[in-house]
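Student: What follows is each chain in one-letter form.
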Amino acid sequence: MRLRVDPVKCQGYAICTEVAARHFTLDDWGFAQALVVDVDEGDVPAVTEAVRECPVRAIRWIDGPATGGPAPRPAPPAV
Amino acid sequence: MTGSARREAGTPVVAPPLPILTTVSAARPWAGEDDGLLGPTPFVREDRSGYEARGGHRDRVLLDCGDDRLARLAARPGLPGLLGRGGAAFPALRKIRAVADGVAATGLSPVVVANGAEGEPLSVKDRYLLRYRPHLVLDGLLTVAAALEAPIAHVYVADRAARTSAEAALAELDVPAGGPQVRVFAAQDTYVAGEETAVVRALTTGIARPADKPPRPFQVGVGGAPTLVLNVETLACIARAGLPAGRDAGSTFLATVSGAGRPPVLYELPTGLPLGDLLREHLGRVDSSADVLFGGFFGGILPAWPDLELSHPGVLRRGGSLGCGSLHLLAAPACPVRTTADVVAYYARHNAGQCGMCMASSSAIAATLAELGDPRPGVAYAALLPRWAAQLRGRGACAVPDAIAVLLRALLRSHPQEVTRHLASGCDECRRAPGEPRWGHLLASLPSDGEPVTADGPVGRVPELVPVGVEVR
Ligand code: SF4
Ligand code: SF4
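Those sequence lines, one after another, are chains A and B. Sequential numbering of the first sequence, starting at 297, is according to our numbering. Sequential numbering of the second sequence, starting at 152, is according to our numbering.
Mixed in with the good hints, there may be bad ones.
[Unchecked claim] Okay, the calculated beta carbon distance ranges per label pair:
1. B:464 x A:336: 40 to 50 Å
2. A:353 x B:541: 25 to 35 Å
3. B:530 x A:336: 14 to 24 Å
4. B:534 x A:336: 44 to 54 Å
5. A:326 x B:545: 28 to 38 Å
[What the hints assert, rightly or not] Quick list of in silico lysine to aspartate or glutamate cross-link-like pairs, EDC-like style, CA-CA up to 20 Å:
6. A:305 x A:323
7. B:364 x A:314
8. B:364 x A:339
9. A:305 x A:337
10. B:364 x B:553
11. B:364 x B:522
12. A:305 x A:336
13. A:305 x A:345
14. B:364 x A:359
15. A:305 x B:553
FYI, nobody ran anything at the bench for these hints, they're computed from the structure. These figures come from a predicted structure and were not determined experimentally. We treat Cβ as the ideally placed atom computed from N, Cα and C, and that holds for glycine.
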């Protein structure tokens, strides 16, 4: 399961960094950066909470490969 | 004024004064065994009969009646190795196959797009191809449309001359019944309008701004359909490989070469040519003290190593990116820090204004680089620059933050002494750099249609030159 912060949406509310501090950090301008792209099974609950809590729904799960062959049709964005 | 006439309705335009213009006045094929990409007579528009006399518009008929259309396409010389010419250098055939897979998975009909929106201020090759070799581009577009059985094809352009030429070529061609519907789409002329997802968004909603990925256009594109967006030079390469005298699709590339106080030249270069050979041709000498700004504003500044191989992997190995293929020469003693600051200032002004992290970071980095002529005491520049380069990678909806990261990394890697010198004692050239648009000296253009443009020509009568003069928002 892979993680992506949508830069168009992220407003830097910094909720994700509180809920899942090991997975998100803020850059020098206060916008969220996913620290871990491939999330371990055990961490999924914490990250899922961050996904749910982000007020602008900027965090997405992305399944399938990043590039190359087409991923299965992306599920409607996980959030 | 020139800006507002050409903009699609809706967006307010602020047109700052246009900088000094340098016009590409010459085109030179390097190894001219076939007509290549520049064509038989550079800067003379090739019409349908001229192109067909060279065997054009024929080979794709074979694709139309074959069973395994993709395999036939892939059998053209050099196609499997052809890298996209828009800047990202993604293998063209892999993209085409990905769209075919998307079609198989969704059952939707694909859309194909010839992307001629060349936002890079230092590159003119896409505009050149659309103006002077529209049939080569259309042949490529119709070829991939036939291979994918796409019912709709778009020619996506951002300048008026390209649009006129593409429309005229389509009128000459009268695509046969049963062939795809081909439409010319005039995009907003901005730096990001040619980015793949911006192309898809423009064709779907009229707004040429990038969207976050995934999904990529080959998954969900125009109107939701799997969409193939190929740069016009990539399509020209595909068409050329199908001509009777055509050579390997990737054998040459178009390079807008500017800078060093010389008039810019549009070259067609053999892929992999050593940089030293190009310098000898262009400057009459190998000046290894010079620097080169690669790939429009995208590929970083590297020293002019004579043995640097001009190909995507070749430039990548040395820490830069060939991008759209342009090279801007910075003859010594041009300061690489100053030029990096110029380019980042451009990005701070011409990003699409939609990602918070991109707007904030580009302005902050531009401001920081601009003060290196007179560094402020107590600021840990040496730690900040690499830190920012690392923070920006892969973050934006489009590649602008990556471009800034490449510029910073290349500067730190290729010119550590220069950076140190700035931090220790400042720099006169940086201190003297003009205010906005400080990137004004970084610009190449084509002569406007029928009206030669000179460096001191009347700016108000040069409609094509809007890309650099228009505010994105
Ligand atoms: S919670 Fe959402 S908006 Fe806030 S920083 Fe994280 S991703 Fe950005
Ligand atoms: S990364 Fe920058 S240029 Fe790209 S879409 Fe976002 S704001 Fe626009």
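Student: Work down the list of hints and note, for each, if the structure agrees.
Tutor: Now the hints, each set against the structure:
Between residue 464 of chain B and residue 336 of chain A the CB atoms are about 34 Å apart, so this pair departs from the stated range of 40 to 50 Å. As the Cβ distance of residue 353 of chain A to residue 541 of chain B is approximately 27 Å, the hint placing it in 25 to 35 Å holds. Between residue 530 of chain B and residue 336 of chain A the beta carbons are some 38 Å apart, a value that contradicts the proposed interval 14 to 24 Å. For the pair residue 534 of chain B and residue 336 of chain A, the beta carbons lie near 31 Å from each other, so the given range of 44 to 54 Å is not met.
The beta-carbon spacing between residue 326 of chain A and residue 545 of chain B, approximately 18 Å, falls outside the hinted interval of 28 to 38 Å. Taken as a hint, the residue 305 of chain A and residue 323 of chain A pair is honoured in the structure, with Cα atoms around 15 Å apart against an allowance of 20 Å. Between residue 364 of chain B and residue 314 of chain A the CA atoms are separated by roughly 25 Å; this puts the pair beyond 20 Å, and the hint is violated. For the given pair, residue 364 of chain B sits about 23 Å from residue 339 of chain A by alpha-carbon distance, which is inconsistent with the 20 Å threshold.
Of the supplied pair hints, the one linking residue 305 of chain A and residue 337 of chain A is violated, its CA atoms being roughly 26 Å apart against a limit of 20 Å. For the given pair, residue 364 of chain B sits about 14 Å from residue 553 of chain B by alpha-carbon distance, which is consistent with the 20 Å threshold. Proposed proximity of residue 364 of chain B and residue 522 of chain B is contradicted: the alpha carbons are some 34 Å apart, above 20 Å. At roughly 25 Å between alpha-carbon atoms, residue 305 of chain A and residue 336 of chain A are farther apart than 20 Å, so this suggested pair is violated.
Taken as a hint, the residue 305 of chain A and residue 345 of chain A pair is honoured in the structure, with Cα atoms around 18 Å apart against an allowance of 20 Å. Among the hinted pairs, residue 364 of chain B with residue 359 of chain A is consistent with the structure: their alpha-carbon atoms are about 12 Å apart, no more than 20 Å. For the given pair, residue 305 of chain A sits about 18 Å from residue 553 of chain B by alpha-carbon distance, which is consistent with the 20 Å threshold.
Of the numbered hints given earlier, the model fails hints 1, 3, 4, 5, 7, 8, 9, 11, 12; all others are met.
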